[in-house]
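Visitor: Dock chain V against the given chain U, drawing on the hints supplied.
Protein sequence lines, in the order shown, are assigned to chains U and V. My numbering numbers the first residue of the first sequence as 2 and each following residue consecutively. My numbering numbers the first residue of the second sequence as 52 and each following residue consecutively.
Any given hint might turn out to be false.
Stated by the list, open to error - Simulated crosslink set (DSS-like; lysine-lysine; CA at most 25 Å straight-line):
| hint | chain 1 | residue 1 | chain 2 | residue 2 |
| --- | --- | --- | --- | --- |
| 1 | U | K275 | U | K219 |
| 2 | U | K10 | U | K44 |
| 3 | U | K44 | V | K165 |
| 4 | U | K44 | V | K167 |
| 5 | U | K241 | U | K312 |
| 6 | V | K332 | V | K246 |
It is worth saying that the hints were derived from the structure and are not from the lab.
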Amino acid sequence: MLKQTEGSKAVAEAIALCRPEVICAYPISPQTHIVEALGEMVKAGELTPCEFINVESEFAAMSVAIGSSAAGARSYTATASQGLLFMVEAVYNAAGLGLPIVMTVANRAIGAPINIWNDHSDSLSQRDSGWMQLFAETNQEAVDLHIQAFRLAEELSMPIMVCMDGFILTHAFERVDIPSQEQVDAYLPPFEPRQVLDPAEPMSIGAMVGPEAFMEVKYLAHAKQMQAIELIPKLADEFKNIFGRDSGGLIRTYQIEDAETVVIAMGSILGTIKDVVDEMRAEGHKIGVLGIISFRPFPLEQVRAALIKSKRFIVLEKSLAVGMGGIVATNVRMAVTGSGLRGFTAIAGLGGRAIPKSSLHKLFRQAEQEELEAVTFVDLDWAAVNKQLEREKQTRRSGPIAENMLHDKGIVGVSAKFG
Amino acid sequence: MSFQPVKFYQTGTLTVGNRLLAQDERSVQANQMRSNSINSGHRACQGCGEALGARYAIDAAMAESNGQLIAANATGCLEVFSTPYPESSWQLPWIHSLFGNAPAVATGIAAAMKVKGRNDVRVVAQGGDGGTTDIGFGCLSGMFERNDDVLYICYDNQGYMNTGVQRSSATPPAARTATTMPVGPEPGNVFGQGKNVPEIAMAHNIPYVATATVADLRDLEYKVRKAMQMRGARYIQIFVPCPLGWGAASHDTIRLARLAKETGMFPVFEAEHGEVTSVLKIRNKVAVEEYLKPQKRFAHLFGKHAHPETVARLQAIADRNIRKYKLLPEGEN
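The shape of chain U in the complex, shown without the other chains (with noise of 0.2 Å):
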């Protein structure tokens, strides 16, 4: 049913309709309002059974999970940055467990400085997790994940994050056709744990394993992933057929044929990378688009072979490897690696800064001269950098620096309170 509403109300509804039986919930922006929406509809008896949990942490809320999903019950929990940093320890033992936890990312920054904005520095520290993370493009396009998820997930046995731009799309109001009870019911069959704690057939989860089989139980929750670069289009394809829609899927191309350059991107920007293209391709440039919708498994092959007929391409994130560059970039570097193409990183919109058209138009034109460095910073106020890294060369004590990045920017008073 075509609906004008919140993405993040409309992925509520999303996970309402996959039945999911235990919530647990912990407020942090900008994920608050699917709970919020979620905790309603138990409340009203509108979602049922399922128990909804209020904890007192994001530690607490993955662990209940962890709990819940081991006892056999299909959980669902949302986090965002600082939330999910808290929970880290119980991420990584969700995944080493091998439980199918489905996980909404509202990716948002990570302080110091405090900053709620959007970028993907929460979900792609959590790369190494072990954890599955589908990046959606649009509202529709999250409301459609979460759904593959709980099924991607539940097949492997391995816990997924859906990670959808925090304010950019969970705030969002735009029109989302969301699907009827009895296709998802087609579409996703009830939880058959692989494992699960039941007094009829008692087992120990969880025990201490040695150097003995570490290895292998480690490389089989690798194995996992890599059958997940074969399902995650199976189950794109079984979900047209079902809601008539593509979604989902590894990557997704656009304009990409006889492109030169190609823009590598994940989330919603691609929306406006799109934009610039139209308008590139419109003078003759010869440029497309790659979107990864799977960041993790990461599909190594599929990224490969479309841009392999290319001559460069960029990677614009929203995310930094502090002291190296690009996250992402480094894994589609791994994927060309040996083919000879020119590969350039662009950090860009970090802490919810605004990448509009025109610097894409004038980042997207330097690639495709190749006049850019290897890694550039979108937008960045080299004034500003400058001025404090001079102020640390003259001052011992030269504050805190972002307070002088106001000051020194204009926004806060005219002149830095430290010289």
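Guide: This is chain V only, laid out in the frame that chain U set:
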């Protein structure tokens, strides 16, 4: 065929032997049909109080729940010595997740049982004092506050024994641990404000809070069975001496547990909805020295460089417990 006389009383104790009791009054552990939930063959040290406490507590919980029990276990000695794969001692469904999340994992299991309509399946969570009073404290308080249907059992051996005997918030003042060495002008653990988790549990007004020791296993079984007859969040803290961590003889585990109770160092009581309903009275009051001296962790308080003023401060703590919980028989408090 050798002849063995039947003993009705255990030597040196006031505990009556099971054989004098009617069948239905006998202990769970005396019953041939006990569940042996934590089976023999595990790797606990000789004289481990925690192994003994867990054995009695979980078998009692199993008896009370007709074998319909699931356990969540925090990281720690109990988790390590009862596993690793594939040598699990546990004869009931058992999960270990992390050090600090056993109460939350148990909440999740209880929620799953509720949603599946399995009200007959009960949930117990367990951990040491480090996993309970320190790193798992947030999750424990959350579980209490929501009144989740979980019995949490803390096996209190007053330190991080699994990692090599470091101080926890349950370590008593003056005790030697690897992080509170008996050196300097004030040797051993500091005299802090203490952290009385049974009282903190009571402050949540949960249906049942109790303390017990491995010196009185009938009392322990009674409290576990009573807890299992209730619903909601319940907490039992069991005092379990650790021969290795305390520098005590393996055969002194039960004696030390009894002395902790008889000195007033560890008050044994039960409380319902935040109010104390009963205390186990001291039978033969003794000075704290008797409890401290057999333990190497307190050895620096005695001998050539004795610290009688520190012993006096510990005696004051015991005396305060005796006053506060009215631990002496009627008329003696």
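Visitor: The structure should be examined with respect to each hint, and the outcome stated for every one.
Guide: Each hint tested on the structure:
1. U:K275 - U:K219: Given pair U:K275, U:K219 is violated - Cα atoms ~39 Å apart, limit 25 Å.
2. U:K10 - U:K44: Roughly 16 Å separates the two Cα atoms, so the pair holds.
3. U:K44 - V:K165: holds, 16 Å
4. U:K44 - V:K167: holds, 18 Å
5. U:K241 - U:K312: Given pair U:K241, U:K312 is violated - Cα atoms ~33 Å apart, limit 25 Å.
6. V:K332 - V:K246: Distance of about 23 Å is within 25 Å: holds.
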